[in-house]
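Engineer: Okay, here's what each chain looks like letter by letter:
There are 2 protein chains.
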Amino acid sequence: MTRDTKRRIQLSHGGGGVEMNQLIRKLFFKYFSNEILIRDEDAARLEISGPLAFTTDSFTVSPRTFKGGDLGKIAVAGTVNDLAMAGAIPQYLSCGFIIEEGLAFSELEQLVQSMAAELEKSGALIVCGDTKVVPKGTADGIFINTSGVGQCIAAPSWTKLEPGDCVLVSRDVGRHGACILASREGLALQGDLASDCATLWPDVKRLLDAGIDIKAMRDATRGGLSAVLNEWAASRELGIEVQQQQVPIAQEVQGLCELFGFEPMELANEGTFVLAVSADQAEQAQALLQQSQPSAAIIGTVVDAHVGKVVLTTPWGSQRYLELPKGELLPRIC
Amino acid sequence: MTRDTKRRIQLSHGGGGVEMNQLIRKLFFKYFSNEILIRDEDAARLEISGPLAFTTDSFTVSPRTFKGGDLGKIAVAGTVNDLAMAGAIPQYLSCGFIIEEGLAFSELEQLVQSMAAELEKSGALIVCGDTKVVPKGTADGIFINTSGVGQCIAAPSWTKLEPGDCVLVSRDVGRHGACILASREGLALQGDLASDCATLWPDVKRLLDAGIDIKAMRDATRGGLSAVLNEWAASRELGIEVQQQQVPIAQEVQGLCELFGFEPMELANEGTFVLAVSADQAEQAQALLQQSQPSAAIIGTVVDAHVGKVVLTTPWGSQRYLELPKGELLPRIC
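Just so you know, the sequences run in chain order Y and L.
Numbering-wise (UniProt numbering), the first sequence opens with residue 1 and increments by one.
Numbering-wise (UniProt numbering), the second sequence opens with residue 1 and increments by one.
So that you can see chain Y by itself, here it is in the shape it has in the complex (with noise of 0.2 Å):
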C-alpha cells in the first residue's frame, strides 16, 4: 500500500472486509467510542422507555466547511435539534456515511472529531452505523445521514397552537443560509458572518426546567422562519400575525439579503428555533432564551383571522402576506 492510497478513503473501505473493520475501529470507534457502540452488534441495545422520538435526516452541504461548523458539525446538531423540538432527550445517535472513493481520510477524521465535539453539547451518543463508499463520480465528497431516539419529557405539538398564544424566535434569523451563500459567492464580508449552525437542547431544557409550557416548537432549517410559521398557520387552521420590525435579523445578512435579492425570513437556520407559548409566559421565556442568544424575541401572535395564513405587518403599518418559500434558491444548504 503506497502513502497515498493509505491516506484516501477506498472502495475497500465499504466493502464488508478487513479495511471496513479496521476504519470503524480506528476512527469511528476512537472518537465516537461508548459502550454500546463497542458491543458492535448489527443493532445496537437500548434500555428506554416510551415515549419516544424518532427522527431523521440526510446532510449534504455543501461547501462542508464553513464559517461557524462544517458537515460533522450540522449532521449532529440537525438531528439532535430535531429530538429537542419534540421534547425529547437527545439520547441515541446513528451515523449513516456515504463517502466517495477517493476522500481524503484526513477530512473524514476531521468531520468524524466535529461530529464528536458536538456531541458532547448534548450528550447524545453515536451507537450504531454504517459505512458504504461508491466510486469516484458517483456522490461529492461525502453524505452523512443522522437519525436519533430519545426520550420525550415535553409534548410540544402545531395541535396545541391557540389564538393568544405568543410566537418568539430563539435568535436572528437567516444566519446559516446567508454564511453559505456568501461562502459560495466568495465574498469577503465584512462583520463576522458565521452560521448560527448550534446544538439547541441546552436551551430547551432551559425553557422545560423553568417550567415554560411550551405549546408548539420548530427549528427554522430549509425555508427558514417563513416556512415553520406557514406549516403551523395552515395546519392547525388559524393565522399568524408577525411584526416585521420585531423579527431579529443581523445587519450583514440583511445586507446580503439586500444585494442578492433574498428573504431573510425564507433563509435556512441551522441553530435558530421558533416557539409558541401562551402569552402569559412570554417574556420569561424571551428572558431564558436570552441568557444564550440576547437577540432571541417575541415576534407575533397566533390569531383567529386570516385562516391557514401568515401576515406580516411592516414598519410602516401595511400588512403583507409571508408565502411558503417556493423553488430552489440555495440547494444543499445542509
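27 Å max Cα-Cα, derived DSS-like pairs, lysine-lysine:
1. L:Lys326 x Y:Lys136
2. L:Lys326 x Y:Lys30
3. L:Lys326 x L:Lys309
Everything labelled a hint here was simulated from the structure, so no lab data went into it.
All values reported here derive from a predicted model rather than from experimental measurement.
Here the structure of chain Y is known, so what remains is to put chain L in place on it, guided by the hints.
Structural biologist: Coordinates of chain L only, in the frame set by chain Y:
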C-alpha cells in the same frame, strides 16, 4: 411548468417549501400512510418500551433494479433484517432520500411502491423521513437511508457462542452478489439467478415462536458468510469449523463464481442469515428454516481449537482457513 419538469425531480423538491410539501403529501404519505407519519411533526412520537434495537443502513445499490428486487425493496428489507437479527420486532423505520436532480418521478414512485410492498412483509411502518435533492452530477440517481427501532423479544449475541454450538445458514449463499455481478456484466444467464433479497422477520419469528434459543444471528450481507463467521470467531476468541460440502450454493452462483474467480462464501446476501444454536436444537431449527427455504442447512460447529479462525473442511478431507474478505470486488452491492 412544462410536462417534462413535472415528471422529474427538481432541486425545489428538497427546498423545504411548497414543492417539497407536495412531494411528501402526494407521494410519501400516499404509499407509507400511517397515523404516526401523517401527524407530520419534525420527529415521530412512539409509544414503545425497551429494551429496543436501533440500527441504520444507507443503500446505494447499482443497478437500482435487479432480478428479485430493487433499491426500495433492499432499503426496507435491509433494516428490517438488522432489527430481526437483534431479536427485535421490526416496528418503526425512518427513511432518508438523497435524490439527484433530474431523477424521473416515475422511478421514485416505483421505488416507493416497492418499499411499501416490502414493509407489509414484516408490518413495519415508516414513521419519519427526510428528502434532500442534490444538483445533477453530485449523486448517482438516488441513495436511501433507513434506520429502524423495535422492541427486543430475544437477545442473540456473538457473546453467547460456546464450543459445541451448531452453525446454520437459512438458505443457499451468494445469490445477491452473483445477481448484481451478472446484471453489471450484462450476462443472459440460464436458469433463475435472482437475488435472495427478502425480509427475514417471518423466519426469525417462526424460530422464536417454536422456542429455539438463538445464541447468535446475523444476516450475511457485505462480505458474505465468510465475514460473519470470521467476525464471530475473532470477537468470541473461539474457532468455527465449516464443512464445505454442507454449505448450500446454487449451481448458477457456483458457475458464475468459477467464471469470475469469486468465492461464493464472500459474496453478499440480502435475505440469508447465519445463526448458532445449541446442538440439541440444530435439527429443529433447520426444519423450521426449511419451511421457507429448503436449502437451509447445518454447516458447522463452534470449537475450542483454531482460536479466532474459521476452518473449512473440503470434500476431500483437507482443511483451509476461510479468511475475512479483503479489498472490494463489487462496489455498490447494497
